[in-house]
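A.B. asks: Whole structure, please, built from the sequences with the hints as guidance.
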Amino acid sequence: MKSSLAVKATRFVIVAMVFAVWELLSRTGMINPRLLPSASDTIVTLADLLGRPGVRSDILVTGAEVLTAFVIAVPFGALVGLLIAESRYFAEVAKPLLFFAFSIPKSIFLPMFILVFGVGFAQKVGFGFFSTIFIVIMSTTTAVESVKPENLMVARSYGATPAQTVWRVYLPSMLPVLLEALRISMIFNLTGVMLAEMYASREGMGHLIANWGENFMMRQLLAGVLMVAIIAVSFNELVRWVETRCSHWRT
Amino acid sequence: MQPLANITPIKPAARAGAVQLGGVGLVYKTSGQDVVAVSDVSIEVKPGRFAVLVGPSGCGKSSLLMMMAGLRHQTSGAISINGAPIEVPDPDRVGVVFQEPSLFPWLTAEENVEFPLTLRGVSKQERRAKAEEALQLVGLDGFGKRHPHELSGGMKQRVSIARGLVQDPPVLLMDEPFAALDEQTRMTMGDELLRIWAATGKTIVFVTHSLTEAVYLADEVIVMSARPGRIVDRLEVALPRPRTFEMLSGDAFGSLRDRIWRHIRKSA
Amino acid sequence: MSSTMLRRLIVISLIVLWEVLPRIGVIPELFLPSLSSTLLAGWNQAGEYGHALVVTLYEVAIGMVIACGGGILAGAVVGSLPRPRLLIMPMVSSLYAVPLVILYPVFTVWLGIGSESKIAFAGMYGFLPTMLATSAGIQTIDPQLLLAARSMGATLSQRVTRVVIPAAIPTVLSGLRVGGALVIVGVVVSEMLISSAGIGYLISRYRTILDSQHVFAGVLLVLAMAIAFNAMIKFVERRAAVWQTGTRAGPDMIAREIPAAATA
Ligand SMILES: Nc1ncnc2c1ncn2[C@@H]1O[C@H](COP(=O)(O)OP(=O)(O)O)[C@@H](O)[C@H]1O
Ligand SMILES: [Mg+2]
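Residue numbers (this note's numbering), protein chains in the order written: chain F, 102 to 352; chain D, 2 to 269; chain Z, 300 to 563.
If you're looking for bench data, these hints aren't it; they were derived computationally from the structure.
Cβ coordinates follow ideal geometry from the N, Cα and C atoms, glycine included.
Mixed in with the good hints, there may be bad ones.
[Stated by the list, open to error] Beta-carbon label-pair distances, calculated as ranges:
id: 1; chain 1: Z; residue 1: Arg537; chain 2: F; residue 2: Glu193; range: 14 to 22 Å
id: 2; chain 1: D; residue 1: Lys146; chain 2: Z; residue 2: Thr303; range: 31 to 39 Å
id: 3; chain 1: Z; residue 1: Met304; chain 2: F; residue 2: Leu106; range: 52 to 60 Å
id: 4; chain 1: Z; residue 1: Val459; chain 2: F; residue 2: Phe120; range: 33 to 41 Å
id: 5; chain 1: F; residue 1: Asn316; chain 2: Z; residue 2: Met300; range: 56 to 64 Å
id: 6; chain 1: Z; residue 1: Gly324; chain 2: F; residue 2: Ile115; range: 54 to 62 Å
id: 7; chain 1: F; residue 1: Tyr190; chain 2: Z; residue 2: Tyr357; range: 41 to 49 Å
[Said to hold, decoys possible] Subject to a maximum C-alpha distance of 27 Å in a straight line, what follows is the list of computed DSS-like cross-link-like pairs (lysine-lysine):
id: 8; chain 1: D; residue 1: Lys30; chain 2: F; residue 2: Lys109
id: 9; chain 1: D; residue 1: Lys125; chain 2: D; residue 2: Lys146
id: 10; chain 1: F; residue 1: Lys196; chain 2: Z; residue 2: Lys533
id: 11; chain 1: Z; residue 1: Lys533; chain 2: D; residue 2: Lys30
C.D. replies: Here is the structure:
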């Protein structure tokens, strides 16, 4: 594992270098600091922003929207996915439709959500749900299909009960795909909510970022971008970490 | 069997090549410790002979073949093919057939066979003619327009052999070419290979881990030990040709196979 | 009933419902104007939509050159060098988790609200997934094919032109599909957010005056664009279907499909 440590160190150095170049470009005035505030200024601003109650409540609003959409979309999508995968006929009917729905751009339907729900919490959750649901359905059907028939056959031939089959065969086979689905769903969900907030909103991180951009407040804008990026990457890495922990299940 | 213009049955002494290895060693440098894959291997295969290399898995058979093909350079010793050292792949002297048929999926069987000629800018007409002949030789006439995914495993490997033969090299190296085939196809392919060999008089170095296949095909069997691979025995297979299915159950066959097995068991 | 027939039935009934439900007032016309009134509205303003389409297509075209050209090139380089690949690819896919749309305001500050900021944003939006897809695809080129070519005396340039490039074609196509779809989304979304021209702009402008028919006409136009692009790539892919077997299908096939639709 020596080499993996070296890889991690190198990655850290790369990130550090990106920040160093950013700092240098701005400090030396090669890029106008009003257009690109330095990395250190941005980080200081970020700390300052995090101290403000107004910003913190915006973060909470976004967090609540993202979580609500996620908590509704994932079980609902998983259920629909399971039902579709359950019957071969149904899967044949639904899959091309789903794939179509999956591949068309969702963002252009944003105005419809505003027309129906207004610009509040419900609209953000609705659009987050809409952005996420298709990928959850698709991934669930994929997960079910990733269960190998020969494994089921073996379980059955050794007299496994249905509960045992679910617990010992279905779950372990599906888990890696499901975790990956969770990770990607979150990316879609977060993108959906941020976009909805930037498009029309009175609160939330997306609203703040859009506002800072319109008012040329580059320091706040970059700090906001940095913060969202850190949150998104952290969640992503967390799920990935769980994935690798479960990787011994992968066949 | 039809007379062949470019792949001619030739007098061994005049045309066929020989393979010579003297004190060949190979060390793989890895990030961990170095792997000594092959150590002090000396082999001589006389022109026109069918030599089979056997040994436990991982003993360096493929590595040895790669060096003979000029695909990898030995760390010590010397290798010569047809009397001259081999440093880089030289399709005029050596044809190679791998375990995987390694056909280009976007080319037809015919175009695959033509590929080595295409690389050297041979004219379309000449390529076509030679490819057709080679395909005929391996029993695939009429299949030239198919793509690899339309061919069975055995047919793919035939195309791969045709490709190895199309430039008429004196030496053909084959690395477990039938290992991925089922038993029946494998037997048929063995007979086919012997027929092609008899028709062309190539020198063949053939790697396998099947002892039966080794004895069935070979003039001589070279037995290697587990890593680092060394030569532990060389057997002449004096069974008459053509080889037949009945020989498999004979005493002579059995005792040869037993002798190889004892070496391999000892070294494993 | 065959599954295809049932599916057609579903699609047809959805279209019929789209016409009927708003007409009989089950769904308010403000939420969903009927199909015919939407098409009519679009037709009546054909000039305006045509003009917007030209602007959008221009931005999409240049964005695609940046995203697909750059992404395929970068993906090919990174994908074929094992060390940088191990180092960089996981970082790139982490970056992919960031909702890139938050960078659009930065582009408007830097480049203004004209076409430049749309092109830059859409180019960036399509770049990462294209690079990921290409790099994943390059890795699936069977090394045995390269070895075989070498054994036949192929020079380095012959190996590139006769093995790597043909073997990479399916990858490049899927990269193009991924990147292209995202560039379309990137342009339309950025036009919707802040701009003064293009279909996205029209959609947003009509939205603020609650003119649903014209909003939906714009939405339909974007859909048609996305579908047309997809169909075009599919057509080329089918023509090159023989190639598909040139790479070893792996578990990452799904992963490569997913960014194709990362069009939130
Ligand atoms: N590129 C390589 N780097 C390091 N070790 C290798 C490499 N290729 C093969 N080896 C090692 O060299 C030994 C011989 O391999 P190989 O020639 O493929 O054996 P065989 O064909 O007899 O199974 C094996 O132990 C293998 O692990
Ligand atoms: Mg081997």
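A.B. asks: Hints broken by the structure, by number, lowest first?
C.D. replies: Hint 11 contradicted; others consistent.
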